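**Q** Generate the whole structure from the sequences, applying the supplied hints.
There are 2 protein chains.
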Amino acid sequence: MVLKLKVKNLPIYGAENHAFLHWKDGRKLNLLGGERIKVSTRFKSKTYIVKIDKEGNLVKEGEIVLSQTSASTKTYFKDGCIVQVKPVESPKSKHIIKKKIEGKELSSAEIKQLVEDIYYDRLDKIELAGFITAVYIQGYSIRETTALTKEMYKYGDRITWPFHWKIMDKHSIGGVPGNRTTPLVVSIVASTGLKIPKTSSRSITSPAGTADTIEVVAPVEFSANEIKRIVKKTNGCLVWGGALDLAPVDDKLIRVEHPLSLDPEGQVIASILSKKKSVGSKYVLIDIPYGEGSKVETLQEAEMMAEKFKIVGAKVDMVVESVITKGDEPIGRGIGPVLEMIDIIAVLHNRGPSDLKTKALELAGQILQMGGKGDIETAKQILQQGKAYKKFKEIIEAQGGSLHKAFTDMLGTATYEVKADQKGYITHISNKLIAEIAKRAGAPSFKGAGVYLYKKKGEAVKKGEVLFKIYAQNEKKLDYALEVLKKENPYRITQKQAYIVEKVF
Amino acid sequence: MVLKLKVKNLPIYGAENHAFLHWKDGRKLNLLGGERIKVSTRFKSKTYIVKIDKEGNLVKEGEIVLSQTSASTKTYFKDGCIVQVKPVESPKSKHIIKKKIEGKELSSAEIKQLVEDIYYDRLDKIELAGFITAVYIQGYSIRETTALTKEMYKYGDRITWPFHWKIMDKHSIGGVPGNRTTPLVVSIVASTGLKIPKTSSRSITSPAGTADTIEVVAPVEFSANEIKRIVKKTNGCLVWGGALDLAPVDDKLIRVEHPLSLDPEGQVIASILSKKKSVGSKYVLIDIPYGEGSKVETLQEAEMMAEKFKIVGAKVDMVVESVITKGDEPIGRGIGPVLEMIDIIAVLHNRGPSDLKTKALELAGQILQMGGKGDIETAKQILQQGKAYKKFKEIIEAQGGSLHKAFTDMLGTATYEVKADQKGYITHISNKLIAEIAKRAGAPSFKGAGVYLYKKKGEAVKKGEVLFKIYAQNEKKLDYALEVLKKENPYRITQKQAYIVEKVF
Numbered sequence: 034m035v036l037k038l039k040v041k042n043l044p045i046y047g048a049e050n051h052a053f054l055h056w057k058d059g060r061k062l063n064l065l066g067g068e069r070i071k072v073s074t075r076f077k078s079k080t081y082i083v084k085i086d087k088e089g090n091l092v093k094e095g096e097i098v099l100s101q102t103s104a105s106t107k108t109y110f111k112d113g114c115i116v117q118v119k120p121v122e123s124p125k126s127k128h129i130i131k132k133k134i135e136g137k138e139l140s141s142a143e144i145k146q147l148v149e150d151i152y153y154d155r156l157d158k159i160e161l162a163g164f165i166t167a168v169y170i171q172g173y174s175i176r177e178t179t180a181l182t183k184e185m186y187k188y189g190d191r192i193t194w195p196f197h198w199k200i201m202d203k204h205s206i207g208g209v210p211g212n213r214t215t216p217l218v219v220s221i222v223a224s225t226g227l228k229i230p231k232t233s234s235r236s237i238t239s240p241a242g243t244a245d246t247i248e249v250v251a252p253v254e255f256s257a258n259e260i261k262r263i264v265k266k267t268n269g270c271l272v273w274g275g276a277l278d279l280a281p282v283d284d285k286l287i288r289v290e291h292p293l294s295l296d297p298e299g300q301v302i303a304s305i306l307s308k309k310k311s312v313g314s315k316y317v318l319i320d321i322p323y324g325e326g327s328k329v330e331t332l333q334e335a336e337m338m339a340e341k342f343k344i345v346g347a348k349v350d351m352v353v354e355s356v357i358t359k360g361d362e363p364i365g366r367g368i369g370p371v372l373e374m375i376d377i378i379a380v381l382h383n384r385g386p387s388d389l390k391t392k393a394l395e396l397a398g399q400i401l402q403m404g405g406k407g408d409i410e411t412a413k414q415i416l417q418q419g420k421a422y423k424k425f426k427e428i429i430e431a432q433g434g435s436l437h438k439a440f441t442d443m444l445g446t447a448t449y450e451v452k453a454d455q456k457g458y459i460t461h462i463s464n465k466l467i468a469e470i471a472k473r474a475g476a477p478s479f480k481g482a483g484v485y486l487y488k489k490k491g492e493a494v495k496k497g498e499v500l501f502k503i504y505a506q507n508e509k510k511l512d513y514a515l516e517v518l519k520k521e522n523p524y525r526i527t528q529k530q531a532y533i534v535e536k537v538f
Numbered sequence: 034m035v036l037k038l039k040v041k042n043l044p045i046y047g048a049e050n051h052a053f054l055h056w057k058d059g060r061k062l063n064l065l066g067g068e069r070i071k072v073s074t075r076f077k078s079k080t081y082i083v084k085i086d087k088e089g090n091l092v093k094e095g096e097i098v099l100s101q102t103s104a105s106t107k108t109y110f111k112d113g114c115i116v117q118v119k120p121v122e123s124p125k126s127k128h129i130i131k132k133k134i135e136g137k138e139l140s141s142a143e144i145k146q147l148v149e150d151i152y153y154d155r156l157d158k159i160e161l162a163g164f165i166t167a168v169y170i171q172g173y174s175i176r177e178t179t180a181l182t183k184e185m186y187k188y189g190d191r192i193t194w195p196f197h198w199k200i201m202d203k204h205s206i207g208g209v210p211g212n213r214t215t216p217l218v219v220s221i222v223a224s225t226g227l228k229i230p231k232t233s234s235r236s237i238t239s240p241a242g243t244a245d246t247i248e249v250v251a252p253v254e255f256s257a258n259e260i261k262r263i264v265k266k267t268n269g270c271l272v273w274g275g276a277l278d279l280a281p282v283d284d285k286l287i288r289v290e291h292p293l294s295l296d297p298e299g300q301v302i303a304s305i306l307s308k309k310k311s312v313g314s315k316y317v318l319i320d321i322p323y324g325e326g327s328k329v330e331t332l333q334e335a336e337m338m339a340e341k342f343k344i345v346g347a348k349v350d351m352v353v354e355s356v357i358t359k360g361d362e363p364i365g366r367g368i369g370p371v372l373e374m375i376d377i378i379a380v381l382h383n384r385g386p387s388d389l390k391t392k393a394l395e396l397a398g399q400i401l402q403m404g405g406k407g408d409i410e411t412a413k414q415i416l417q418q419g420k421a422y423k424k425f426k427e428i429i430e431a432q433g434g435s436l437h438k439a440f441t442d443m444l445g446t447a448t449y450e451v452k453a454d455q456k457g458y459i460t461h462i463s464n465k466l467i468a469e470i471a472k473r474a475g476a477p478s479f480k481g482a483g484v485y486l487y488k489k490k491g492e493a494v495k496k497g498e499v500l501f502k503i504y505a506q507n508e509k510k511l512d513y514a515l516e517v518l519k520k521e522n523p524y525r526i527t528q529k530q531a532y533i534v535e536k537v538f
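Chain order of the listed sequences is A and B.
The numbering used here numbers the first residue of the first sequence as 34 and each following residue consecutively.
The numbering used here numbers the first residue of the second sequence as 34 and each following residue consecutively.
Hints should not be assumed to be uniformly reliable.
Chain copies aren't distinguished; within one or between two, either way the pair holds.
Said to hold, decoys possible - Taking lysine-lysine and the DSSO-like style, the derived pairs with C-alpha atoms no more than 27 Å apart in a straight line are:
{"#": "1", "residue 1": "K341", "residue 2": "K131"}
{"#": "2", "residue 1": "K39", "residue 2": "K93"}
{"#": "3", "residue 1": "K71", "residue 2": "K519"}
{"#": "4", "residue 1": "K125", "residue 2": "K519"}
{"#": "5", "residue 1": "K132", "residue 2": "K341"}
{"#": "6", "residue 1": "K423", "residue 2": "K315"}
{"#": "7", "residue 1": "K119", "residue 2": "K509"}
{"#": "8", "residue 1": "K520", "residue 2": "K489"}
{"#": "9", "residue 1": "K41", "residue 2": "K87"}
{"#": "10", "residue 1": "K61", "residue 2": "K119"}
{"#": "11", "residue 1": "K285", "residue 2": "K125"}
These are computed hints drawn from the structure, not numbers from a lab.
Here the structure is a predicted model, which is why all the values come from computation and not from measurement.
**A** Structure representation (structure tokens):
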């Protein structure tokens with residue numbers, strides 16, 4: 034059974050691959066809603082999931098209304114064009130998903146099929162959610178993780194570099210507010226002649242991603258060719274990965290992982306490595322923060338994850354090392370794009386928060402070792418001699434930005450200082466609550482919103498001393514941020530100094 | 034943060050509880066899409082999931098476009114009314130779902146919260162799919178199944194009956210084409226004075242549900258009060274359950290179970306018992322068909338399921354018995370609404386397919402025993418004396434239908450006879466392929482479409498003899514149905530007669 038229908042597009046961002054049919058057309062094709070159809074012209078075709086308009090308000094008989102899967106997807110069929118519509122059988126990976134749910138290992142051929150079906154939108158969110166849940170419960174073998182990395186890498190943009198270049202990279206598995214080591218690491222590494230084309234994310238659930246922070250001083254959206262030009266000139270870049278189409282299958286899976294708060298380990302590994310491979314990286318350092326309130330809870334989990342990164346990396350021709358770091362409290366003092374940029378500039382001038390500086394130097398040192406260009410001592414010298422600052426300035430300017438911008442003027446003017454209600458020692462600062470306050474204050478969409486931490490873990494505090502300051506976009510957002518404090522205080526203060534393991538690495 | 038926006042409704046059947054916001058309003062509330070918002074007036078409120086219109090094509094700034102969750106849901110907020118919109122935290126059951134994914138048993142309080150959040154549409158399909166997948170993998174305890182049954186029963190329509198009435202019921206867990214015992218069982222049971230207010234489903238994935246078949250001779254959509262009137266008059270009814278709002282939480286879960294092809298055992302038990310309890314049934318007989326191609330594969334599984342039905346039933350004050358039947362090939366000869374009705378009328382005249390008659394008598398006998406009104410012998414007499422036919426006619430007429438209708442005229446005129454390509458014995462008929470052919474021929478939306486089986490399992494066949502006949506809505510649908518045969522034959526014919534276990538019960 035085939036029908037010919039006229040296309041009307043419904044351009045909603047975040048909508049799924051849904052096709053709306055008038056109920057009369059649905060009946061002609063024996064469709065009740067929820068089934069898959071293939072929509073095609075002589076030149077191309079695409080799978081959609083049927084929704085039936087029971088009242089004919091959105092769709093007239095003879096029409097088909099198509100929604101788009103994302104903002105970057107161009108309209109696939111033009112308005113007014115005539116398409117053939119026919120029911121299709123379930124995609125093959127429906128059975129593959131069921132197999133994973135049953136707890137069986139998937140073959141490489143099955144993972145290939147699955148990734149292909151995800152790329153072409155042949156599976157809907159319900160099926161992807163079932164799959165991700167099954168992966169979380171049943172786990173992936175190393176073989177499955179490797180196959181997934183390879184298959185996800187096959188789709189989307191890929192950047193290639195001269196063969197003899199050593200392409201370095203770093204990635205933090207995230208979850209720690211203020212952990213803005215990337216601009217420091219990139220600047221140090223790039224000053225040694227190693228190449229580090231760093232793509233970063235914008236914030237999804239945190240007060241700022243590296244891309245949000247860099248955007249305070251420079252544009253971050255570039256095409257693959259523009260990135261090549263910037264890296265050829267400066268050895269590095271600090272751009273937003275989302276402007277490229279890197280391993281798009283991964284993004285489609287992330288869209289269901291996020292609402293379920295699930296990040297199955299194997300999926301995280303495949304996600305990171307397929308994206309790194311897509312930008313042409315060969316040597317990758319992974320930062321795995323662990324501890325209460327970060328994504329990995331225990332040291333043992335972190336160590337197992339590091340081992341798997343190494344093994345899977347080797348199987349896809351990459352050298353992958355990991356650094357396991359404490360991630361149970363915010364790093365640096367500024368949380369939010371502008372406040373984090375203030376920290377970064379201070380560290381580049383060899384001042385600033387010592388935890389941020391120490392961590393950045395450790396990471397940079399490790400990457401220099403991987404690239405055969407020195408170690409942490411080299412990194413320290415580069416920072417002290419002002420070479421890192423110079424390189425950072427070069428990269429920012431190559432991206433069309435400037436450090437002469439008075440970005441502190443961008444700070445939110447609705448502020449509030451939270452003071453200690455007793456004297457004592459800070460024994461804990463909650464990642465989650467600090468992030469929540471900064472987000473409610475307007476970060477990251479308002480760059481100048483966030484939280485500045487005057488006191489860090491282990492420090493002594495007197496009653497009435499300022500613990501942290503909130504910078505909000507406006508009074509309304511400040512009130513909204515302050516609501517968090519009514520329920521719970523992000524700072525834990527005790528009378529006695531707790532024993533604190535300060536050794537981070 | 035609260036915004037005031039103007040409502041516009043988007044009435045699409047099958048759409049989810051989505052609220053579309055203009056990107057500028059999204060930014061004001063710090064929303065990127067995917068978050069939950071509470072939409073409220075002074076009098077009522079409802080949770081929606083945010084979609085952001087990045088181009089402003091569907092939603093203008095200051096507006097909010099609301100989709101409906103189902104056809105039966107009335108527009109919740111009127112077009113043009115001003116609502117307050119504010120972000121809300123994740124519903125509590127987000128953590129409850131995560132707990133189930135982690136493999137932990139849920140408390141009764143957690144199941145109460147979960148069912149409430151599902152009822153009020155506070156969870157989206159991704160979360161429900163994650164939950165159902167977890168339930169399938171991790172299973173439910175008896176305690177969880179019981180709590181779920183009780184909680185799902187609390188919402189939606191409920192029918193009550195005079196306290197001293199014995200309300201009987203039956204339910205087949207399905208998966209077998211042509212298994213149309215219900216009209217026969219209801220007619221036999223109702224003629225003894227026992228009450229049997231039977232609600233049935235329309236087909237979702239099969240060529241006909243009982244409601245589709247009854248609709249050949251009578252209307253099936255009635256309100257709770259109309260059902261009471263029909264049962265008071267005739268002791269029974271044969272209506273569509275979907276016209277009522279029975280345990281609606283169950284329907285919301287089924288909407289995600291279906292695309293995943295998952296039916297976790299505990300979920301099936303809670304689903305059936307909560308719906309039966311909602312129509313006021315006290316004595317319920319469950320038909321559990323098992324075997325290749327039916328929902329339960331092995332006898333052992335079927336027995337365990339029967340035991341759980343009994344235990345959970347007792348905990349919710351119902352007497353629940355099960356009959357385990359062979360379900361590996363179609364029952365009766367007609368598949369599709371009209372063809373099944375032909376079988377039913379024949380059996381009511383004490384003729385017709387012997388497997389259908391035998392099974393119906395077994396089930397009816399069992400229910401008579403549960404109600405203290407005889408046994409299978411009683412059921413046989415009722416059928417032979419024409420009392421069952423008389424009762425069936427009474428019920429059909431009380432529902433406003435008639436048996437004088439020449440419904441055989443409704444049969445599809447595009448027909449095709451499939452003949453044996455060799456002589457031998459029928460050793461297997463595929464449920465799945467026969468159902469697929471009947472559906473492609475137009476069943477159940479075209480009542481006269483389907484398949485008539487001239488030969489059943491165990492019978493001898495000569496080369497060239499007709500195995501089955503396809504009745505299609507039109508030539509196009511006939512061709513579409515015949516495509517199935519190109520790939521695989523639903524009949525298996527072998528030279529030697531296989532040993533066949535014909536004892537069904």
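**Q** Flag every earlier hint the structure violates by its number, smallest first.
**A** When the structure is compared with the hints, none of them turns out to be violated.
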